[in-house]
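**Student:** What follows is the residue order along each chain.
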Amino acid sequence: MERPLRLISSNPVDELARTIEALLVVAGAPLSVDTLAEATADDADRVEAALELLSERFREGRSGIVLEHVAGGYAFRASREAADACSRLFERPVERGLSQAAMETLAIIAYLGPCTRPEMTRIRGVNVDGVVSGLVERGLVVESGRENEFGAIRYKTTPLFERVFGLESLAALPRLDDLGADVTEIRTRLETVAEKRPA
Amino acid sequence: MERPLRLISSNPVDELARTIEALLVVAGAPLSVDTLAEATADDADRVEAALELLSERFREGRSGIVLEHVAGGYAFRASREAADACSRLFERPVERGLSQAAMETLAIIAYLGPCTRPEMTRIRGVNVDGVVSGLVERGLVVESGRENEFGAIRYKTTPLFERVFGLESLAALPRLDDLGADVTEIRTRLETVAEKRPA
Amino acid sequence: MRDLELDLDAFTGPFDLLLTLVLREELPLREIDLADVIVAFVENLAARGELDLEACGEFLILISALLELKARGLFPEEEAELAELEPEEAAEELARRLAEYRRAREGADWLTKRLGEQADRYFRLGPAPLAPKRPEPTLAAQDPERLAAVLRFLAVEPPAPSTLHMALKFPPVSQFVDRFRALLQRRSRFDFDQEVQGLSRVEIAVAFVALLELRKQNEIAIAQADSFAPIRISRADSERSLAWNVRSA
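Chains as they are written, first to last, in the numbering used here: chain Y, 1 to 199; chain E, 1 to 199; chain V, 1 to 249.
These are calculated hints, taken from the structure and not from any lab test. Check each hint, because a few of them may be wrong.
What the hints assert, rightly or not - Partial pick of chain V residues on the chain Y-facing surface, computed with a CB cut under 7 angstroms:
id : residue
1  : TYR122
2  : GLY126
3  : LEU151
4  : LEU154
What the hints assert, rightly or not - Straight-line Cα separation of at most 30 angstroms, DSBU-like style, residue types lysine-lysine; simulated pairs:
id : chain 1 : residue 1 : chain 2 : residue 2
5  : V       : LYS133    : Y       : LYS196
6  : E       : LYS156    : V       : LYS216
7  : Y       : LYS156    : V       : LYS133
8  : V       : LYS133    : V       : LYS70
9  : Y       : LYS196    : E       : LYS156
For each residue, glycine too, the CB sits at the ideal point set by N, CA and C.
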């Protein structure tokens, strides 16, 4: 029944297939037939017919984009042919340095000991949430309990941090005698300056 | 030497196009010609030729997947035809509820960036701290080091900003200096006030 | 003219009420499009079919004042600094900054329009569902001295705001002390407001400090009938004789 229909009415399954194509290229997770039917306001049978069409169009050997049926539904992937190019794209070159934001936040944690995001925010004069998440993701910084029972989470540096900076321990950090005699003095100095800084 | 080779070996630009297709469908952000050339281990000219081929294949009206040149690179998006279906399935978290204040601040950063919060405050006449944090959270704006003089943090727009606003690059922003007449008009009015003001 | 009815985006009602609300700071001036107010005025004028010069004059002064208020509102923290400028310089500076803010507004308008046009453009924000996993990032060896360097940078005191331009603009107090002494040699009393007419605010302030100085030295007497009434200055001796007269009376 399907083939003759397609021939008569300007191929509506093909049009549906185009819409599904569009949905799949935007989706961040596989889409089920039901989800696709809901989004296209069409019925599941026709969605399945369109998916069949797409499987034919986007298949290994014919296209670099391949439609894959996985547990959660349908999703696009890269063809096997393109595996080498993909791994070159996704292989991350060694990061040569850290951003100013990352370096400042790291220095605050390293020198002042476990500290909370509000403390770092106060000293840097800007919200550090994103920066701290980045440092945690890189494994340079890790959670270290809470300030008190219900307080803010504190962060400390990791052994990886020490390795990257070539330090035997935190005690080997370059001295900052010019900023203060001890951690408390340095902290006070930084906080005082932060208050005076515009922005 | 290249042309005859292409004719013999099963149209290699088409093969390259398939590889690029594969890369674009898994990439998390637009890919520049250089990045594509590196990943495909091919040269930039041939990558551009392949992209041209793909632009023709993945274009509005012909395909649900559309290739666009945006944010300094190439990326796939859904066809505009499929917008209704997309709107039923996907949120637009980045641009939803951007206030007038956010737009003004964004414009200042896009046109004058990298710039500091005090600079933005001076132009807008009101504190921009909250607005800037909001823009950072949305990923439209990012820290870009500190200004030397007094260490205020500078901000610049991100590739995501260009992508959301559909800009090939920041250079695609329109010029805003055709306001000469306005300046004269404002001056005349202000001079009137200055004359009336006692002392 | 104050009963001019307005129908703006941010305000509906008579012009008079708009003024009141703005002066009480109950309505933020930056939300009012003053060009629309001017248009409403001109339309009203055209509808009347006669040119009321007095009304026009009043409107011009009021709208100018609003424009200046609005302009100053754009950079409140620098109002003091601007007050130091000569009127032409201030006008120049205000016009420059207003134009700058105009550009930001124009830019914002363009971006808003652009965003509207992109409303049917959908793309994926995160990673693709079946994308290869990115390997853990690795970081090259770093110099620990950089950690110390950034903390030192964060500990640098910002420079104190420069007062150089103010020092240059301040006339010496002695200049006014001398001037008032000379004046009182010729006349037994004078009116402060008349004497400082045409001077800048800073000069008036310095002149007032000179008055206080002379009063401290017991050289003059200062009298003022009421708040904001003219300040009368007289030689201390003449004041004394006056007091004497009063007591004897």
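**Student:** Each hint: holds or not?
**Tutor:** Hint by hint, here is what the structure shows:
{"no.": "1", "hint": "TYR122", "in the structure": "5 angstroms, holds"}
{"no.": "2", "hint": "GLY126", "in the structure": "5 angstroms, holds"}
{"no.": "3", "hint": "LEU151", "in the structure": "5 angstroms, holds"}
{"no.": "4", "hint": "LEU154", "in the structure": "6 angstroms, holds"}
{"no.": "5", "hint": "LYS133(V) with LYS196(Y)", "in the structure": "45 angstroms, violated"}
{"no.": "6", "hint": "LYS156(E) with LYS216(V)", "in the structure": "57 angstroms, violated"}
{"no.": "7", "hint": "LYS156(Y) with LYS133(V)", "in the structure": "27 angstroms, holds"}
{"no.": "8", "hint": "LYS133(V) with LYS70(V)", "in the structure": "54 angstroms, violated"}
{"no.": "9", "hint": "LYS196(Y) with LYS156(E)", "in the structure": "24 angstroms, holds"}
Going down the numbered hints, you'll see the structure goes against 5, 6 and 8, while the others check out.
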